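Colleague: Listed below are the residues making up each chain.
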Amino acid sequence: MIDILSAALLLTGAFFFMAGTLGLLRFPDIYCRLHALTKADNLGLGFVAVGLALQASSWSARLQLLLTWLLVLVAAATVAHLLARSALREGIEPVRMLADRAHGDPDDAA
Amino acid sequence: MGIPMTPLEWGLDATVALLLVGLAGRILFTRDLFEATVLFIAFGLTLSLAWVRLGAANVALAEAALGAGVTGALFLTAFHRLARRGLAHPLDRQRYRADELHDRSSRGRADRGDDPKPALLDVGILHGPLWLRASMALAGLAVTGGIAARLLTLADRPPSLPILVEAHLAETGVSNPVTAVLLNFRAYDTLLEVAVLVVAMIAVGSLDRGSRAFVRDPEELEEDPVLDALSRLVVPLAGVAAVYLVWVGSHGPGGAFQAGALLAGAGVLLVAAGLMGPVTEGAAPIRALAVMGLAIFIAVGAGSMPWTGSFLAYPPGTEYGLILLVEAVLALSIAVVLIELFVDVPAVPHVDPALAKVDPTGDPLGRRISPDGAVIRNPDEER
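One line per chain: the protein sequences are A and B, in this order. Numbering-wise (our numbering), the first sequence opens with residue 1 and increments by one. Numbering-wise (our numbering), the second sequence opens with residue 1 and increments by one.
Keep in mind that the hints are not guaranteed to be accurate.
Claimed, not checked - Far from chain B, some chain A residues (derived; all Cβ distances over 10 Å):
| id | residue |
| --- | --- |
| 1 | Met1 |
| 2 | Asp3 |
| 3 | Ser6 |
| 4 | Thr12 |
| 5 | Met18 |
| 6 | Thr38 |
| 7 | Leu52 |
| 8 | Ser57 |
Claimed, not checked - Residues on chain A that point at chain B, a partial pick, calculated with CB under 10 Å:
| id | residue |
| --- | --- |
| 9 | Leu65 |
| 10 | Leu71 |
| 11 | Val74 |
| 12 | Ala75 |
| 13 | Ala77 |
| 14 | Thr78 |
| 15 | Val79 |
| 16 | His81 |
| 17 | Leu82 |
| 18 | Arg85 |
It should be emphasised that the hints constitute simulated quantities derived from the structure, not laboratory data. All of these numbers come straight from a predicted model, not from anything done at the bench. The beta-carbon is built from N, C-alpha and C at its ideal position, and this holds for glycine as well.
Please model the complete structure; the sequences and the hints are all you need to start from.
Modeller: See the structure below:
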């Protein structure tokens, strides 16, 4: 029973990683890609960690898994923020703004 | 290993092996330096996975921290500096060389200062004549084939070194075989490795005396509350983890190099977040810290000679304490050296205005800006 639950959680995690990778490859600009990647890191790794925690033999191992997940969460959020900020500073416009301008959206004229 | 592998394990190992070869090929043959850099980091992480599969947790830790982490970050820094000068793409380097030749013939290099020539970067064996490339390939194949043949003929014999190490482990004072090999059986190797690191730091430090700048521009050095918060959270944790790694290194996976890499990561994070000023050239305490590991290693090795009669042998009964002492100081020194390699580099020299027009931002995202100011998303589309 535990095995099945754990396998389901691991597969869910793998699905999120897959979706994140797909987003990284297919999304139109860096902001969308960051969005996809951060989802994969946060949720995918979270599911994998819970799935592994069910298999872990001790509470100290489970705590380590939790700590790992939390640290990755913080680091991934910070890195995504830094990348997005630096991209914005260097003048990469979000794809939506470019599209709006191409269609002559009056709201975006300024 | 005597246990038969399941199909799943075979699949995993085969995937890792193929991925390694594929990544290595792509890194060598891509013309995009940024891609090569990113793939190199991926290669390091995959390699550490391979070490885990081989049961070498120590090496996996070191590979992930040093091979992928520190080296990858150094490569990224180097790429950033090349890109800032408009030299990140092969075409730019060709143009740069052409400009430089032109400059030399017409007005000399006086106004360029001492710009290092980037030409070395894309002069490779790939540009050589066919017979040269063919003989290089043959030589590579011969070496690989020789090693493979030797390994395959060895396969039936029990590996003798691990057994010898196991048999004498009790005499070393530590119960982690890797630490025993690194700091006792083969302490000479480790001593020289640390010496290489120190020499590298001295070499980098003497590249351009007088102008020192961390890779970030002063105008970029504004406060970022998020990065600040991350550093304040992570750096103390890294400190604790580093102490743990040194201690655990005597009886499990861990040790000075892993702990040093972790501390170095924390230090670089501090500098990047602006919480620690760039370490300036000539700061005596920093230099002292950097050579302290080497000095104490040598002192311990030489100081115990009256009792043991040979260099780098520990007197019986003191092994554990001495190895732990050497490991702790080594970790500190390795961290300082690695931080210095990041921070204590010459300032980016003069940017050529013609090249700056092509790529004023030094773009790590692979985007470029054309002369009329429009953003070209994919540099390959331009050619």
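Colleague: Closest CB-CB distance from Thr38(A) to chain B, is it above 10 Å?
Modeller: Given that every Cβ of chain B is farther than 10 Å from that of Thr38(A), nearest at about 13 Å, it holds.
Colleague: Holds or violated: the hint that His81(A) contacts chain B, with Cβ atoms closer than 10 Å.
Modeller: With Cβ-Cβ at 5 Å, under 10 Å, it holds.
Colleague: Taking the minimum C-beta separation from Leu52(A) to chain B, is that value above 10 Å?
Modeller: 15 Å, holds
Colleague: With a cut-off of 10 Å on the beta carbons, see whether Ala77(A) makes it to chain B.
Modeller: Because about 8 Å separates Ala77(A) from the closest Cβ in chain B, which is inside the 10 Å limit, the hint holds.
Colleague: Go through the hint on Val79(A) and say holds or violated, using the shortest Cβ distance to chain B against 10 Å.
Modeller: 9 Å, holds
Colleague: Using Cβ atoms only, decide whether Leu71(A) comes closer than 10 Å to chain B, and label the hint accordingly.
Modeller: Since the shortest Cβ distance to chain B is 7 Å, the answer is holds.
Colleague: Classify the hint on Arg85(A) as holds or violated, based on whether any CB of chain B lies nearer than 10 Å to its CB.
Modeller: Given a least distance of 7 Å, the restraint on Arg85(A) holds.
Colleague: Beyond 10 Å from chain B, beta-carbon-wise, is Met18(A)?
Modeller: 15 Å, holds
Colleague: Confirm or reject the statement that Ser6(A) sits farther than 10 Å, beta carbon to beta carbon, from all of chain B.
Modeller: 15 Å, holds
Colleague: Can the hint on Thr78(A) be confirmed by a CB-to-CB distance to chain B that is less than 10 Å?
Modeller: Holds, about 4 Å.
Colleague: Taking C-beta pairs only, is Ser57(A) more than 10 Å away from all of chain B?
Modeller: For Ser57(A), whose nearest Cβ neighbour in chain B is about 17 Å away, the distance exceeds 10 Å, so it holds.
Colleague: With a cut-off of 10 Å, does the beta carbon of Leu82(A) approach a beta carbon of chain B closely enough for the hint to hold?
Modeller: Holds, because the Cβ-Cβ distance from Leu82(A) to chain B comes to roughly 6 Å (cut-off 10 Å).
Of the hints listed earlier, the one the structure fails to meet is number 9.
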